[in-house]
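Novice: Protein chains in written order, with the numbering used here: chain A, 1 to 568; chain B, 569 to 868.
No lab work stands behind these hints, which were simulated from the structure alone.
What you are looking at is a predicted structure, and each value in this text was computed from that prediction instead of being measured.
Where hints are given, some of them may not hold.
What the hints assert, rightly or not - Here are the simulated EDC-like cross-link-like pairs (lysine to aspartate or glutamate), alpha carbons at most 16 Å apart as the crow flies: (1) A:Lys-77 <-> A:Glu-342; (2) A:Lys-539 <-> A:Asp-313; (3) A:Lys-215 <-> A:Glu-159; (4) B:Lys-638 <-> B:Glu-659; (5) B:Lys-638 <-> B:Asp-621; (6) A:Lys-335 <-> B:Asp-618; (7) B:Lys-820 <-> B:Glu-754; (8) A:Lys-77 <-> B:Asp-711; (9) A:Lys-359 <-> A:Asp-313; (10) B:Lys-578 <-> B:Asp-632; (11) A:Lys-335 <-> B:Glu-738; (12) A:Lys-335 <-> B:Asp-746.
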Amino acid sequence: MAEYLIRNGFVFDPVTGVKGDRKDIAVKDGKIVDSVSSSAKVYDASGKTVMAGAVEIHAHVAGPKVNEGRNYRPEDKLFNARAGTNGLRTTGGFSIPTTFKTGYAYAQMGYTVAMEAAMPPLYARHVHEEIRDTPIIDEGALPVFGNNWFVLEYLKNNELENTAAYIAWLLRASKGYGVKVVNPGGTEAWGWGLNCLSVNDPVPYFDITPAQIVKGLIEANEYLGLPHSMHIHANNLGNPGNYTTTLDTFRLNEGFAANNRFGREQTMHHTHVQFHSYGGDNWGNFESKSDAIMDYVNAHPTLTIDTGNVTLDETTTMTADGPFEHHLTELNHLKWANVDVELETAAGIVPYVYSPDIKVCAIQWAIGLELALLATDPMRCFITTDHPNAGPFTRYPRIIKWLMSKDAREERLTTFKHADKVISATHLHGIDRELTFYEIAQMTRAGPAKALGLKDVYGGLAPGMDADVVIYDINPEAPFTPDQIEQAFSAATLVIKTGVPVVENGTVINNGNKRTLWVDAKVNENPQVLRDVEEKFLKYYSVSLNNYEVQGHHYIPNPYAIEVDVTQ
Amino acid sequence: METVTLTLTKAPTLYLEAETVTPDALAGKSPDEIRALPVYMGNETFTLGDFFDVSGAPGATAADTRVVVKGDLSRVKYLGTKMSAGEVVLEGSADMYVGAWMTGGTLTAKGNVDSFAGTGMKGGELIIMGNAGNYTGSAYRGDWRGMQGGRIRVKGNVGSDTGYFMNGGEIIVEGNADVHVGTHAEGGRIVIKGNAKSRLGGQMVEGTIVLLGTVDVMMPGFRYVRDEEVEVDGEMMVLSLYVGDLGERHRKRKGETIYGKLYLRPAKVAEDATARESRLARAREAKKARFTSPEGEASA
Chain A
1 MAEYLIRNGF VFDPVTGVKG DRKDIAVKDG KIVDSVSSSA KVYDASGKTV
51 MAGAVEIHAH VAGPKVNEGR NYRPEDKLFN ARAGTNGLRT TGGFSIPTTF
101 KTGYAYAQMG YTVAMEAAMP PLYARHVHEE IRDTPIIDEG ALPVFGNNWF
151 VLEYLKNNEL ENTAAYIAWL LRASKGYGVK VVNPGGTEAW GWGLNCLSVN
201 DPVPYFDITP AQIVKGLIEA NEYLGLPHSM HIHANNLGNP GNYTTTLDTF
251 RLNEGFAANN RFGREQTMHH THVQFHSYGG DNWGNFESKS DAIMDYVNAH
301 PTLTIDTGNV TLDETTTMTA DGPFEHHLTE LNHLKWANVD VELETAAGIV
351 PYVYSPDIKV CAIQWAIGLE LALLATDPMR CFITTDHPNA GPFTRYPRII
401 KWLMSKDARE ERLTTFKHAD KVISATHLHG IDRELTFYEI AQMTRAGPAK
451 ALGLKDVYGG LAPGMDADVV IYDINPEAPF TPDQIEQAFS AATLVIKTGV
501 PVVENGTVIN NGNKRTLWVD AKVNENPQVL RDVEEKFLKY YSVSLNNYEV
551 QGHHYIPNPY AIEVDVTQ
Chain B
569 METVTLTLTK APTLYLEAET VTPDALAGKS PDEIRALPVY MGNETFTLGD
619 FFDVSGAPGA TAADTRVVVK GDLSRVKYLG TKMSAGEVVL EGSADMYVGA
669 WMTGGTLTAK GNVDSFAGTG MKGGELIIMG NAGNYTGSAY RGDWRGMQGG
719 RIRVKGNVGS DTGYFMNGGE IIVEGNADVH VGTHAEGGRI VIKGNAKSRL
769 GGQMVEGTIV LLGTVDVMMP GFRYVRDEEV EVDGEMMVLS LYVGDLGERH
819 RKRKGETIYG KLYLRPAKVA EDATARESRL ARAREAKKAR FTSPEGEASA
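Isolated chain A (complex conformation):
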């Protein structure tokens, strides 16, 4: 493979602790190296910013609900479909882009790896087919466990080893990466027309609480020593006053210590916390509780979060939180799709318009930014939009602009239709902090990579790591406008992905060497779990076991398996 030298850029790399020094980055055979020969191709980065490839920790970018969103929203592609040119494929879609656009658009912003946030195991084959068709970026997928009948039954009986053995079996069957939990117990309760709005609401029939599910899955996750922690979307999403449920969920994590060989320190990752930081008790007195939430997060090093920033766009909400989506369609009266996935999970989809003229939307926008600005440890708070729920991932550059420039966010905040009410219901107006390039690199690169257990592979520029290197056309030492920040992060000057230049001057030039990440967890043979699996497939599943597993290179042509072994 070729050698590259990225010369003389202002480097921001939390892994090596470089904070904007002028440095050369050398790449050889897909890895970062100390030096290269004189035949290396040189990219001049003088006057520009150099970072590692960015890491997406939570986005809905592949699978049946994403595709159903594409299917039932043809208007999302109206006026934005583009014909393929120069070896690239036709693209289209804004909030639910085609797989090809997903890969291209992430790469153009300098992202090189993304985690699909909710994979229904039964439809894992579909998820992997879409991942396969998403070019350039490495991807993994988190199967959902929080409403799975096996898990509910094992945890109800405190059967830790069986839970862990089932997780290991399902990760292998679905080629999944980690343990995702969505509205624990609540989505199953939805099958009875009910929901779980607090951590102590019992799940009908199974007679278990969300608190038991969450603690049990943290314990099983650490028993296995998986690279990523338990990754949760808590109960009571999106409702005024839900911050108390969020704090209750955070407290379930107390007393656990990370057990893994990947350098991961947290035992709970709580996703899209913006949707979980609401005060008030109705939409009239709806307010930000980001302060209480971040006080807790800042004080607890075994917890990481991502923001879920509202971008004030028209988007498509989609989640395995079936009852929430029904609640949403009752609020906005827009079209609703819902599906129940047999023994495992459910999902719902509703379009949503985050209008700057609506007070609640503007408050949500402010809360997302407050979370990042109140974070004292940028290595534990990551930027997401919960794509596409709070906005499309293509708006990351704009969020970075708002986080790096007080002027930019004040301009937005003070021109809302209900600006006065929004300012008094939020804390944003009083926050002067402007994030630095180094902190952005922590929140979008080194932080999420470490939380995913991938700190030795992605998110940094230390020799030996994968060569994901990005040049942005912005000079951190010269004056720049807020819009130049957005522009620079929107279209990277250069993106090298695992040693291959894939983007030059904002244009995709190569489909790269995409890999699919999954975790191969080896456990002692567990006859009970194997028997339970066989029995449930015979009794309840609509498919046979043979048609369930994601097998072989057809689904995963270029696998990147990470092994953990707890056999004794």
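Model the placement of chain B on the given structure of chain A, informed by the hints.
Specialist: Leaving out everything else, chain B in the frame of chain A:
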């Protein structure tokens, strides 16, 4: 106002997508620049000059430009799409999406137009001298934001699904309408001077439909309120007001529920209870006969 005339010289073998035929796209351009504008056929890009002869010259602005398109346009789509001002005259019949998403100006189609005319229209005037296809003044596929403003006048008949998801503006049909009128409407006004078939105002939340001719089958979700005087295309007349669709959600304004409105000609003679009973009995007998007699089965 300056006039530029485009004459179709070569019939497209497939369907031509000519969204560049608008006063906005042509204004201020030389004939050569106009000939070089892109049009699409299949998966290939051509120029306007490949299919059209260009004469005359456009004005400096869209408002100052009149575009006359001659020839058989029945294989040309998207004529006048997104126009904001000025005038377009289509001398021949045109294909789908005539005047879709237009925001201003006047578009006159002298022949017939196919489906989706005036989709997502926000303003201006669309006049169709012949017949229009399905989905006139409707929403784009999947969208819940249909026609928002402006006026569509069809001198002939319209196909099905007129004013689907309509939110504002007015559609006047001087001829007859096929099934599904104002489905899912949340505003706007549809006037049908001829006859309608069925499903007028199905799942209608707000808005108005006026029917001056007959309707084959009424929707069950509408309730008679009163007779009142209304203005229809400049003329005052007394019509019967029905509200619905009662199966849908409806918002309230000052404590009063807002319904979709359907105006029909008042029934000439009110039907008394006995007459109604005997009519229903006759209908039941007829239905029974249809399902029991062998001839009925064969003809069904």
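Novice: Please go over all the hints and tell whether each is borne out by the structure.
Specialist: Status of each hint after checking the structure:
A distance of roughly 31 Å separates the Cα atoms of A:Lys-77 and A:Glu-342; the hinted pair therefore is violated under the 16 Å criterion. With a C-alpha separation of about 45 Å, the suggested pair A:Lys-539 and A:Asp-313 falls outside the 16 Å cut-off, and the hint is violated. A threshold of 16 Å between alpha carbons decides the hint, and for A:Lys-215 with A:Glu-159 the separation of about 12 Å falls inside it, so the pair holds. Distance hint between B:Lys-638 and B:Glu-659 is fulfilled; the C-alpha atoms sit about 5 Å from each other, no more than 16 Å.
For the proposed pair B:Lys-638 and B:Asp-621, the alpha carbon gap of about 10 Å is at most 16 Å, so the pair holds. Between A:Lys-335 and B:Asp-618 the alpha-carbon distance is near 43 Å, which puts this suggested pair outside the 16 Å criterion. Proposed proximity of B:Lys-820 and B:Glu-754 is supported: the alpha carbons are some 13 Å apart, at most 16 Å. Of the supplied pair hints, the one linking A:Lys-77 and B:Asp-711 holds, its CA atoms being roughly 11 Å apart against a limit of 16 Å.
With a C-alpha separation of about 14 Å, the suggested pairing of A:Lys-359 with A:Asp-313 holds against the 16 Å cut-off. Under the criterion of a C-alpha separation no larger than 16 Å, the hint pairing B:Lys-578 with B:Asp-632 is inconsistent with the structure, at around 28 Å. About 25 Å separates the Cα atoms of A:Lys-335 and B:Glu-738, which puts this hinted pair outside 16 Å; it is violated. With a CA separation close to 26 Å, the supplied pair A:Lys-335 and B:Asp-746 exceeds the 16 Å bound.
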